[in-house]
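In order, the protein sequences belong to chains A and B. Following full-length UniProt numbering, the numbering of the first sequence begins with 1 at its first residue and continues without gaps. Following full-length UniProt numbering, the numbering of the second sequence begins with 1 at its first residue and continues without gaps.
What follows is a list of derived Cβ distance ranges for each label pair:
#	chain 1	residue 1	chain 2	residue 2	range
1	A	D322	B	G402	24 to 34 Å
2	A	P363	B	D420	30 to 40 Å
3	B	K260	A	R401	27 to 37 Å
4	A	K325	B	G404	19 to 29 Å
5	B	Q203	A	D73	55 to 65 Å
6	B	R401	A	P301	33 to 43 Å
In short, the hints are calculated from the structure, not lab data. Small disclaimer: the values here were computed from a predicted structure and weren't measured. Even for Gly, the Cβ is constructed at its ideal location relative to N, Cα and C.
There are 2 protein chains.
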Amino acid sequence: MEASCAVHGNVSPRSRRTRLRVLAAAILALASAGSWAATPDIEAIQAKVAEQHETSVKRLQDWIALPSIAAEDLNSRVGAQYMADMAREAGFGQVEIIETDGKPGVFAVLDAGAPTTVGVYFMYDVKQFDPAEWSSPPLEAKLIERPGVGTVMMGRGAVNQKGPQSAMLAALHAIRDAGQPMPVNLVLVAEGEEEIGSPHIGQFVHHPKVRAALADSIGVFMPMALQGLDGEVTVSLGAKGVVELELVASGEKWGRGPAKDIHSSLKAMVDSPAWRLVKALDTLVSDDGNTITIDGYPTAPPLSEAHRRMIAAATSRRDEADMKKLFGVPHWIDDLPWQQANERLVSQPTVNIQGLVGGYTGPGGKTVLPHRAAAKIDLRLVPGMTRDAAVAALKSHLAARGYGDIEVNVTGGYDPTSTDADARLIQAQLSVLRDNGLDPLLWPRGAGSYPGFVFTDPPLSLPAGHFGLGHGSGAHAPDEYFLIESANPRVAGYDGAVMSYVEYLYELAR
Amino acid sequence: MEASCAVHGNVSPRSRRTRLRVLAAAILALASAGSWAATPDIEAIQAKVAEQHETSVKRLQDWIALPSIAAEDLNSRVGAQYMADMAREAGFGQVEIIETDGKPGVFAVLDAGAPTTVGVYFMYDVKQFDPAEWSSPPLEAKLIERPGVGTVMMGRGAVNQKGPQSAMLAALHAIRDAGQPMPVNLVLVAEGEEEIGSPHIGQFVHHPKVRAALADSIGVFMPMALQGLDGEVTVSLGAKGVVELELVASGEKWGRGPAKDIHSSLKAMVDSPAWRLVKALDTLVSDDGNTITIDGYPTAPPLSEAHRRMIAAATSRRDEADMKKLFGVPHWIDDLPWQQANERLVSQPTVNIQGLVGGYTGPGGKTVLPHRAAAKIDLRLVPGMTRDAAVAALKSHLAARGYGDIEVNVTGGYDPTSTDADARLIQAQLSVLRDNGLDPLLWPRGAGSYPGFVFTDPPLSLPAGHFGLGHGSGAHAPDEYFLIESANPRVAGYDGAVMSYVEYLYELAR
Chain A
1 MEASCAVHGN
11 VSPRSRRTRL
21 RVLAAAILAL
31 ASAGSWAATP
41 DIEAIQAKVA
51 EQHETSVKRL
61 QDWIALPSIA
71 AEDLNSRVGA
81 QYMADMAREA
91 GFGQVEIIET
101 DGKPGVFAVL
111 DAGAPTTVGV
121 YFMYDVKQFD
131 PAEWSSPPLE
141 AKLIERPGVG
151 TVMMGRGAVN
161 QKGPQSAMLA
171 ALHAIRDAGQ
181 PMPVNLVLVA
191 EGEEEIGSPH
201 IGQFVHHPKV
211 RAALADSIGV
221 FMPMALQGLD
231 GEVTVSLGAK
241 GVVELELVAS
251 GEKWGRGPAK
261 DIHSSLKAMV
271 DSPAWRLVKA
281 LDTLVSDDGN
291 TITIDGYPTA
301 PPLSEAHRRM
311 IAAATSRRDE
321 ADMKKLFGVP
331 HWIDDLPWQQ
341 ANERLVSQPT
351 VNIQGLVGGY
361 TGPGGKTVLP
371 HRAAAKIDLR
381 LVPGMTRDAA
391 VAALKSHLAA
401 RGYGDIEVNV
411 TGGYDPTSTD
421 ADARLIQAQL
431 SVLRDNGLDP
441 LLWPRGAGSY
451 PGFVFTDPPL
461 SLPAGHFGLG
471 HGSGAHAPDE
481 YFLIESANPR
491 VAGYDGAVMS
501 YVEYLYELAR
Chain B
1 MEASCAVHGN
11 VSPRSRRTRL
21 RVLAAAILAL
31 ASAGSWAATP
41 DIEAIQAKVA
51 EQHETSVKRL
61 QDWIALPSIA
71 AEDLNSRVGA
81 QYMADMAREA
91 GFGQVEIIET
101 DGKPGVFAVL
111 DAGAPTTVGV
121 YFMYDVKQFD
131 PAEWSSPPLE
141 AKLIERPGVG
151 TVMMGRGAVN
161 QKGPQSAMLA
171 ALHAIRDAGQ
181 PMPVNLVLVA
191 EGEEEIGSPH
201 IGQFVHHPKV
211 RAALADSIGV
221 FMPMALQGLD
231 GEVTVSLGAK
241 GVVELELVAS
251 GEKWGRGPAK
261 DIHSSLKAMV
271 DSPAWRLVKA
281 LDTLVSDDGN
291 TITIDGYPTA
301 PPLSEAHRRM
311 IAAATSRRDE
321 ADMKKLFGVP
331 HWIDDLPWQQ
341 ANERLVSQPT
351 VNIQGLVGGY
361 TGPGGKTVLP
371 HRAAAKIDLR
381 LVPGMTRDAA
391 VAALKSHLAA
401 RGYGDIEVNV
411 TGGYDPTSTD
421 ADARLIQAQL
431 SVLRDNGLDP
441 LLWPRGAGSY
451 PGFVFTDPPL
461 SLPAGHFGLG
471 HGSGAHAPDE
481 YFLIESANPR
491 VAGYDGAVMS
501 YVEYLYELAR
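Looking at chain A on its own, in the form it has when it is part of the complex:
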């Protein structure tokens, strides 16, 4: 899951005591209305969460000690087995490892005999790491004091995504061990390739028995620590799609220029693949770099009025100057005002250069004529576009412009994903967040990307999203952490995160 780019305003959440009263009242109302769930003893569950705190924290630490990294072909099978065992211990009765052409997925069903079924999307893999860059060993998951934040657990995967996922599992332990009714049936899909772009998520999720189980659900959510340091939460209704690819110009494919790096003086008689790359890139965007000029590329649909209103509401609460300072950006594209810049962020597809690499890249210069140069590109896609169609348009554009020799090496990508604000999965989130004294913002779609399309696209066509209180930081970076004991009453610590899943599951059962 890519990092969120949202900056939140401050609100005062109500106390834990208040929101438990609100939730208990809601559930009483639910029970008296003849709904399925027996009245749960929320205070008993909370007491169980507190009682199990050490065990739950230890479970997270043990999980972090076993990193599964698909890119390094490290611990994927043992990680899947570990995930399966954890699911079983948390009460999933049917647990299966599903093979794919890549790393295996873990499929599990907790049948509570409830009328409502909810899908849960986990990843058991983590991002690569270099221990030398960390201030605390990344697999030791030590508890560390972080001034102004609280006690955090520092380790690879702490927030992305083992911390929030372990909190969700701890919620299941607590509900069961407090002798309370499980409010919904759960279908768990845990993949092991999220950090390499989920290349086999379709194979896994569309496995007949997985798809059949999910088809009965009201939607799928991924546990996530959604709180910023101010406690505030933005509920996103989807995400742009993305294609990551390399454009490579080479003498070999071109049939001109050199087949290896040669002395730069030969430029006077030899063609240059690096110049060819520059010339091909030049055709992809307008002179300001901001409008896509790929022939036949889909245009973005206009923003809906509802989405425009969401953006207006959110931008009015976000500080433009803070954002500009955070990113070191003095002007948005075209000097757009804050709200229009956010509308552009939500609505526009992009062609971005992530990196340029060719020839000599060290300090100073080196007199070579490189035989190869590459641009690392990401395309962000909005609804109506697909990964495959975007790649096809790019390829046919290059061919039509005479650059058919430029390789288009796609390394990963997702289609865009959207969920309706009215979906129960979303409304239940808003309800829990408000019960916790928060004033959640809605956001049409994150500009980052995740493989939610596998749930929201046909044949499943389910709502999908992320949920969870709690806070963490440093996904993909050194010193990744997940908050365990919060110094700020507005921000949930570990037990608060666990209770947010308890509350969400009961809310989804309504």
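Add chain B to chain A, keeping to what the hints say.
Okay, now just chain B, sitting in the frame of chain A:
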């Protein structure tokens, strides 16, 4: 000195015995014509060269053990002192270290009381190296058998330029120790910054006493191992100029885009310095990458008939198919035939991309919008152009096209340099080469670059070139070597290289 790009044909050199006879006859004729030099006993000098072989080889090994590397601020002062001591031991009576704003130069005069004075250009610095990449420790200068080549000395600086330079010094030792007359006065200028582009060569060479000493000379040559593996030699009448520079686009200088790498999803609202670099680069050359389109850039003067004839003669002896195979180039620019491709090589200025570097350059992708991207560029200059004028034209072009924020960071460069084929410095080379049974080719100008302009431009306006038999390879690369005992009678070993300097000095005295 950049690597040569010439490929030589084969000819049969006459034997050493024959050429000694030829040289002795020439010198006898010279003496009888009333020239200054007493008749030298060339066989006595050759015997001394053989006798001093071990000492000379040891001197080179000791020199290689002390690398001076300006880029690493390593051993420059001690290297200059070492150079000064070697000059003194070789018979230079006046030896001085000349300070510059960079590394010191070594200036030395050997006053033989001769009517002819010859300048000699040395570099006492070497290129950086990584011992891990070498098959033999680069500072140990071991003698190693190289099949088909002979016994070579492997070490950093072996061929670039300590080997040839030490052979020149060994020639001076042998002439003196054989009791023979020194045929010419010598003015030595040894710089310590050649490998970083000679940034202070002007300061050193134009120091009043250095300039005054050189002004009396008939020209300046640099010792160099000019023989390919077939023994053949090309005499170059100069070199293109070069400017090495980086073009840098950054959010900071642009005042748009981010001041640090940010998440790539933000491309939809933030400008991209990487795209800006691509768009600016695009304006520098034609769509095929081969014609310079910098506004107001000087055009190349047409080739002279004499130069065209030299190129025709040389290309008729060089194998086009071999060259294409060597470089992995299936077609020259515009599918030019061999001779025209070489005319282009000699006559045309270039804008080459040495390297592209920006944002994420590792394996796979990374979802960043980079705050900075750079192109490493070299401009090759032909006569009529200067480094300063080329840089000024580039800067004013960028400013006029609205890219005034793109930094033009010049890291080094030389003006072009040319010497007339009729110069005594050149004719003496041809004479010695022919006396050695070789059939040297003339070449209008090398497409590589060296700081000869400091000698050939006003105020000195001297001929300048390179000379020396012998062979080596791997300049700037691992496993650099200089040939000590040759397996091929057509190629000079160490003593043969020494004798070539003996012969050249006597020839220059005629």
